[in-house]
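4 protein chains.
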Amino acid sequence: MSKLNLAMIGAGRMGQAHARVLAGLSECQVVKVVDTFAANAEKAAAELGAKAGVHLEDALNDPTVDAVVITTPTPTHAEVVEAAARAGKAIFVEKPIAHDLEAGRRVVRAVEQAGVAAQVGFQRRYDPAYLRAKELIEAGQLGQLEGFRAVGRDPTPPVLEYLKTSGGLLVDMGIHDLDLARFYLGEVAEVYAIGGALVNPELKQFNLFDTAVGTLKFASGAVGTVEVALRTTYGYDIRTEILGERGRLHVEQDRRPNLTFYDQRGGNFDRPRNFEERFREAYAAQMVAFARNLHAGKPLSPTVREGWYSLRLAKAAQQALESGQVIKVEEFGGRL
Amino acid sequence: MSKLNLAMIGAGRMGQAHARVLAGLSECQVVKVVDTFAANAEKAAAELGAKAGVHLEDALNDPTVDAVVITTPTPTHAEVVEAAARAGKAIFVEKPIAHDLEAGRRVVRAVEQAGVAAQVGFQRRYDPAYLRAKELIEAGQLGQLEGFRAVGRDPTPPVLEYLKTSGGLLVDMGIHDLDLARFYLGEVAEVYAIGGALVNPELKQFNLFDTAVGTLKFASGAVGTVEVALRTTYGYDIRTEILGERGRLHVEQDRRPNLTFYDQRGGNFDRPRNFEERFREAYAAQMVAFARNLHAGKPLSPTVREGWYSLRLAKAAQQALESGQVIKVEEFGGRL
Amino acid sequence: MSKLNLAMIGAGRMGQAHARVLAGLSECQVVKVVDTFAANAEKAAAELGAKAGVHLEDALNDPTVDAVVITTPTPTHAEVVEAAARAGKAIFVEKPIAHDLEAGRRVVRAVEQAGVAAQVGFQRRYDPAYLRAKELIEAGQLGQLEGFRAVGRDPTPPVLEYLKTSGGLLVDMGIHDLDLARFYLGEVAEVYAIGGALVNPELKQFNLFDTAVGTLKFASGAVGTVEVALRTTYGYDIRTEILGERGRLHVEQDRRPNLTFYDQRGGNFDRPRNFEERFREAYAAQMVAFARNLHAGKPLSPTVREGWYSLRLAKAAQQALESGQVIKVEEFGGRL
Amino acid sequence: MSKLNLAMIGAGRMGQAHARVLAGLSECQVVKVVDTFAANAEKAAAELGAKAGVHLEDALNDPTVDAVVITTPTPTHAEVVEAAARAGKAIFVEKPIAHDLEAGRRVVRAVEQAGVAAQVGFQRRYDPAYLRAKELIEAGQLGQLEGFRAVGRDPTPPVLEYLKTSGGLLVDMGIHDLDLARFYLGEVAEVYAIGGALVNPELKQFNLFDTAVGTLKFASGAVGTVEVALRTTYGYDIRTEILGERGRLHVEQDRRPNLTFYDQRGGNFDRPRNFEERFREAYAAQMVAFARNLHAGKPLSPTVREGWYSLRLAKAAQQALESGQVIKVEEFGGRL
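Protein chains in written order, with our numbering: chain S, 12 to 347; chain D, 12 to 347; chain A, 12 to 347; chain R, 12 to 347.
Among the clues, some could well be false.
One copy or any two copies: either way a pair holds, since identical chains are not told apart in the list.
[What the hints assert, rightly or not] DSBU-like cross-link-like pairs, simulated, lysine-lysine; straight-line CA separation at most 35 Å: (1) Lys145 - Lys339; (2) Lys145 - Lys54; (3) Lys14 - Lys62; (4) Lys145 - Lys215; (5) Lys62 - Lys175; (6) Lys14 - Lys309; (7) Lys309 - Lys215; (8) Lys339 - Lys175.
What the hints contain is simulated information worked out from the structure, not anything from laboratory work.
Could you build all of it, start to finish, from the sequences and the hints given here?
Here's what the structure looks like:
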């Protein structure tokens, strides 16, 4: 299989994380890195043996580029996807597909009208444990699904400036858990959420939250909870449970798995620190799938259409959090 | 220390569970067992080397009886407590203290006016792991408390007849989790809950639930979730987390602790089956504390006043579940 | 069932541990405590509501005493068992049954000739996890047994004076692990062991060991290891594995089971501290079995004959440790 | 950093495992694959984008080849290393460095006289958990080291033909555990081992073992055990413990870490299946270190000299196993 030639659009924090993953993959070759900050682009490009640029067009007009990996700030996703679709490039876009539902509709329309292949960066769907859970569910091991629980706690909060433009806690971060809710149990009918600025009270003046908990009522009748927070002290804490009439699946990396230290304090173990450690395999697997499925002409997953529905759920949850109201998801934000 | 002479009032399912515990304690001696079903009373009495009776007065008029252990059906708690208080007996009463808040007020009034010692059966407060968690919190190990999560899942649902009179899922069963919420984080300001009859759809026609999830907003600003269900297939599943600015406490008996069996299926472990297995030590410890504190003239805990506030929270949560409304707890059900 | 009336012979460290267990059992009543140190006897007797004495005959001549529980120092076991057997009392004797194999033979002979019931205190055989392992093995879940591994590490060494008279590390302490080897896999054909005075180098001058590891070759062809040490810093560490053609059973209490504390150091859990904590249920269960089987006229287990074979294996292992030679167990110490 | 150009010598089972690892590394580029079976060489070469050959000289005479990765059958290691050293190539050689100690001496001499850089494939020394254990030990967290325990159990035995030429159980497989013994606690003074053909009795006629347990007496006075077997049914089982005066380090991948499935059988988890799964990171890390240290002109580790001492220990252990004698390691097999 020949290597897929990629252009990375965006070389900030998430772009760099993707670059570290892509550097280790034999299925892809990053040939171009574009970032409006030339220094970012050049640094990543140098590490990847690629060319750097500051203009999106540099990548889109380059006929050697097969596909773009979009890791720019969320508010720019829609226009970058639209341009890439027009240029006929295959697209990998980080979650969320856009900063609001209207822009999300433009993303879906652009991709579908151009007929380009596109995949959204919900990397957990490619994590071995989440995949195995999906397999067991589809094999009927849980029977009828009845419940869902998700915890997503980041080790340390991002800077205030980021939080102000991120779209809100349940969109920027909670969307991963909410996407899993849909992945396993299907659409959510109603969402309710409460929260606070418990980690950093300064957030209150900007109507921002760093902690939220909520309930999900699924169209199927199943119920669930979701909890998101921005600081743990004890590392990265991502847990997901799916409950069914025949059992329970529990996905969690409780510890760095292979070492325990016993001393006078008792037993002690290290914990995974951050998303890059926890989801290293998943980040690689989703790019490998992207490359292989493109190469084989197979459909990509999750699609931008999937991405829109997960964005809608996240936006509805954020609206619930901010308004104190129960939000009916299907009536929220218009149709796709 | 001389033994505390007890009369057990009620020898049904919970009474028998208490009897098994009391049989092994050297601090107490059950001298009388009263149950309106003579057969129940006689069976338990025979096992405990006690006398059986069908009339409450048999126990209350007996001057050798120091204290009563009330494990009758919930709707009778209030009148039995009132009678016992009038008779000047020390009182241990199973949760909840009464079937409604008005009856609960009568319980508190009766105990406080008679000046008798009384303790409510929230046995988890005496479980070694929950106690150790309390110690760590009080020693400041978590810093400011920010979150709470509770799961309470029974292995198999009770019969329909029981469910109809039990006061509802979040009162009969959820009260244990809600009492822990108060035990660790103080009063809850607002509660919201959703659920369904997912295990047994037949419950719907009686407006009963077998599955519920909810959110708790504490007066302190902390937030939390609670989840209760009546069937697991995989044993008894009780988990509680307390989150603070410095860490997280996780209380769970994930497995029968001491044996793992590895074979071609992988690793396999047995799970605790039911509340008697999980909380054996806690049930014993609360009765030992009852006996020792009475003997030493020390205050009992938790008091019926505590029991009333936990009942109020449970009733508010049940009201949230049944109405779909966010319930403000302090405005619910009148004052004590 | 009427209570079994016990006389405790010996109220030192092990006697007190047994007393704490017996105090909580409804199947037995300690009516007499004998210890050559009157203070020991009186203290334990007071706590148990029993009479105290300093003469063995006080207990043996008392017709209300059904059975004796012998927890005196090991060198006295044989003569106490012999006297109790002559007096026709049922006998529970702590491990090892005697300080040497010749005295052990006298114990077996005394019991069998008098026809009294007798049980040796290998409490692990009554631990729920060890029992469940036995069940699984007997149900054929492991298939043919192939291997055995045992670790026995005490948290802190006993005082030097105790060590000098205890019979050696692999007799006094290792006998528990070696008894389990026999319990699961049958007789050991050859034993080899090495060790040192690693915890307390002062032991060397007395030819004593505080650390030992060894290999076991079973008559069946299976092989195994055993490791014993007298200090951990991290609590009580008892692990046993049985390996078979179809899988592996692993018995271990790795942690106080129900609480984990996560903070900036990672995850942390408390560990069981000592044998009383780890084997509380087993100590109770063996005495309950003693009482119930006596009452029902059923055979007791393990017998003093079993106790003699486990002592022989322990003595052979100790001999291996001290001599550096591979010891053939069946040729060691004469026949029973 | 420019990529290190590698020639792989040997494309059998281990060669293919290395190829899968090397394919994902950006630090190295395999340019040539040599195997006496042309089909093996071609298959691996095609996957790696390399050229295939059947003659060692093809690789050694190629000036674009910076280093060789030797994964041929053990009996050929010595001559391949000698040829590569003469050709001035840097060398990575799988364990053991040679099939006997005399050939091992030739390996060390060839490397040291040619002055080429060389590294032996004890990948566990690069596993994150083993590395972290080493760090903790070197930071003094365990204090004085007192004990060592290793278990190494493969899921399924290799074919008989392989076993006949592999050098014996404790050389071919046990050498990993024995190398760790040296890595953490230094040289072993005496070794003793017993075992059998428990998995496949047919091995007996060839004086082969599939199961062995042994004891190690370290020069420092510490003691330990090692256990090796060729079949588990339950996956790959590698455990290592280091015991010190202040605590215990336990390295084990007990489970595929991130998923637990609870159902009516209890809790269930998958296990790592084989060395490739368990040590994927370690295999990659050792090659990354090889490439980076070569590039930076830093020393490689472990050296062939280290490899010789681990081979001597393994040979001594195998001799103990076959002879039933305690073997003094320093007197065994001559000096380096």
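These are the hints, each one checked on the structure:
no. : hint            : verdict
1   : Lys145 - Lys339 : within (26 Å within a copy, 39 Å between copies)
2   : Lys145 - Lys54  : between (38 Å within a copy, 34 Å between copies)
3   : Lys14 - Lys62   : both (17 Å within a copy, 18 Å between copies)
4   : Lys145 - Lys215 : between (38 Å within a copy, 30 Å between copies)
5   : Lys62 - Lys175  : within (32 Å within a copy, 54 Å between copies)
6   : Lys14 - Lys309  : both (16 Å within a copy, 33 Å between copies)
7   : Lys309 - Lys215 : neither (47 Å within a copy, 45 Å between copies)
8   : Lys339 - Lys175 : both (26 Å within a copy, 31 Å between copies)
Violated hint: 7 only; the structure is consistent with all others.
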